[in-house]
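K.L.:
The hints should help you fit chain S onto chain H, whose structure is shown.
Next come the chains, spelled out residue by residue.
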Amino acid sequence: MPKLNVNGNAVEVEADSATPLLWVLREQLALTGTKYGCGIAQCGACTVLLNGAAVRSCVLPLAAVSETDEVITIEGLSSDGSHPLQAAWVELDVPQCGYCQTGMIMAAAALLAEKPKPSDEDIDAAMTNICRCGTYRRVRAGIHRAAGTTA
Amino acid sequence: MTSIKKLTRRSFVLGSAGAGLSLGLRLPLGISDAQAQTGFTDEINAWVVVRPDEQVIIRIARSEMGQGTLTGLAQLVAEELECDWQHVTTEYPTPGTSLERGRIWQSFATGGSRGIRESHDYVRQGGATAREMLRSAAASAWDVPASECSIARGVITHAASKRSTTYGQVANAAAQLDVPADVPLKDPADWTVAGQPLKRLDTADKVVGKQIYGADVILPGMLNAAIRQCPVFGGTVASIDETPIKSMPGVKKVVTLENKTVAVIADYWWQAKTAVEALNITWDEGEHAGVTSASIAEFVAAGLEADTAFVGNQNGDAPAALDTAARTVEATYSYPYQHHATMEPMNATARWTEDRCEVWCPTQNGESALAAAAKSADLPPQQCEVYKMHLGGGFGRRGTSHDYVHQAVQIARHMPGVPVKLLWTREEDMTHGVYHPVTQCKLSAGFDADGKVTALRARISGQSILAGVMPQRLKGGADMVTFQCFMPGGDHSIAYSFPNLLVEHAMRNPHVPPGFWRGVNANQNVVYMECFIDELAHTAGRDPLEFRLEFMGEHPRNVAVLKAVAERIGWDTPPAPGVFRGLAQCTAFASHIAACAEVSVTDGELKIHRIVAATDCGYAVNPQQIEAQIEGSFVYGLSAMLYGECTVKDGRIEQKNFDTYPVMRMADMPEVESIVMPSGGFWGGVGEPTIAVAAPAVLNALFAATGKRIRELPLRHHNLSAA
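Protein sequences, first through last, are from chains H and S. Going by this note's numbering, 13 is the number at position 13 of the first sequence; the sequence numbering is gapless. Going by this note's numbering, 83 is the number at position 83 of the second sequence; the sequence numbering is gapless.
These aren't lab readings, by the way, just hints derived from the structure by calculation. Just so we're clear, the structure is a prediction, and the values are computed from it rather than from any experiment. Possibly wrong hints are sitting among the right ones.
Below, in silico cross-link-like pairs of lysine-lysine (DSS-like), each with a Cα-Cα straight-line distance of 27 Å or less [as the list claims (entries may be wrong)]: (1) S:K210 to S:K199; (2) S:K607 to H:K117; (3) S:K186 to S:K199; (4) S:K563 to S:K452; (5) H:K3 to S:K210; (6) S:K260 to S:K246.
Bound-form chain H, shown alone (with noise of 0.2 Å):
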């Protein structure tokens, strides 16, 4: 059975290898904040870390995730919701529906990892998730204030 490491924790799941990761994530081991949007990568919905960069798990197979691949989900991301996004979301309401807003945050964490002081360009290049309720103008100023950067 393939093995893989979500969340830090060592999991086997029974699914063929051009099985998503997504749908191992959400039907296999039940972590739900993961989202199915579009399922061609376009939509960002279903974005998690892979080794800290975001990924698009709707199109990663199986197959392309090793034992020694960190994957991160929302549900890991920290263990109670105090990850700086998570706290700045909170406190600015970004979420409308909330259904993309997984994909954002784990959007928003790779790229803060990489970038830890984004200017709105760099923002504008690495959040190209939809939000269809449009919280776009929360969802940048979010991030500018887990950042501690202004707008």
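P.N.:
For chain S alone, coordinates are given in the frame of chain H:
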């Protein structure tokens, strides 16, 4: 004793799914977990539950889909209840329980920006009566008149005897009392909880991945289903060849629904989806297989010149005035099919037996979902239940069309007793929506020799939403919703007065199913009206603000919002070099709205720099959430204007996913400044109305920048480079 039947207390613990990490997901069935543990009776009335630990649970019948209604409605109840807001949580009553209790929670419908404006009186009454019951319970215990007991933040005090108690301590006694008749409601001027920019109640779970949406439901022993529907609306299944999936893992069954949908049921959804896509299905595409966007446009265009049409608004004699006008201006606009594109695709989970059917789903109307479940279950609604899940976006898609609930129940009937979750792929979702309808509009205006406008005529032609989704609401065949923002009065009044006016609708219904789409018909009608009046202002060589105001004397609230945006943007001073401005205003969903956009166009590329938007919604229940709705409305409305179009070829929708149906992303987002200016005395909606001004404000600014009048959307088809 109150005669109202108390809720039964139940909860449901979910097991982990499959192998791997063991997670115990907890899924409330409309009832709080805490209650389930004690069986204690603490329902003060239908709207308010008070726990011994002072927790206040406020019941919300409308659906939360991002618009903040959960928090706003809770604020209204809490305001009257005079509880401690820090102790407030919410829960959804179930539609089945409501039916059992004589529709005690009234409507569950969440659309038309009506969640608060349609229910504020009775939900506040729920809070007020609960407060008086709690006060009476304390007074009885102390044997003093209730009128001598004061209340603040859930603490009841009898000053004369220096005694005090809490809501939690008297809740059980209060719950035994009759619900009093009408209790006077507070003057909104005295509000301290409602009217405040409070934080949403539903944020914490959404930032840690704990919020359970319909697509996330996992039940013990659950199977999963994926579907394909005939790509041509109205087509049927001719034959299915199952050979390609014979050896596929996890597949349980292939079923056909109503001869038009094929479903595969499997252990996991990915297996079901892989299998259903591998099936060889032959469709009988039916009579509409030759329809194209061009044929639809031609069909609709004919209505612009048709002899007969429904009249939506009329004063004077516009045709005669146009005939005698010194000068006439004419323009024809058109608006395409658009998709809701909720981030969460359609889904529902159903468990069916011969005598019971339960459905877990995202829905904008729990009662409609229950009716859909009952119909497809072939059971009376009393033997069915719907558990509402948070929606990953609604925008009108999940309000009147519960196709996904019908399908889930039909699928579950093939697996009696086994819960089955149906989830649509994005491609199914995009190609089987209920679309923002297509219309065209021919506008004509007459000027007299002095340059005064004497007449306006607007002939709309195109699709009726009501004819498609609720034909019982047509009036003498007419769809009055088609006239939103052109009406003589009411929630969607035209905000101008012309000496002669005629607004008509020639109904032309193509085969593509229409649906209510956030903003509904206000979206295109305000483009038509506001861009055309901008055309008239330019024709007359007048300032677009001053020109509008000339016709707005009977609409002082619209004047106020329009002047507010003009003042904030600095209309009296020129914009930065290369930047141009555009205005729009309307009355929609009972609110008065205006916007001013600043744009520039460089090398054919539009940049929206800044938008100022004002809303007078009468009473503002949560100004911070109203700002969020205004910001979001620009994303929804400008996505539609910039990119939104579903085209038809061979009878089917051509766009299948976000690669061919682009929407706004972060980099497109302009700065939006909101002015929330409630003038009191009425209740207006906030989730939709601002969408209507988004596109015309930008289009008018675009004209100012380029001299190009865009009359056909979306904008991406137009070359904005200098001619």
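K.L.:
Could you run down the list of hints and mark each one as holding or not?
P.N.:
Comparing the hints with the structure gives:
no. : hint             : in the structure
1   : S:K210 to S:K199 : 18 Å, holds
2   : S:K607 to H:K117 : 25 Å, holds
3   : S:K186 to S:K199 : 22 Å, holds
4   : S:K563 to S:K452 : 22 Å, holds
5   : H:K3 to S:K210   : 25 Å, holds
6   : S:K260 to S:K246 : 22 Å, holds
Consistency note: the structure conflicts with none of the earlier hints.
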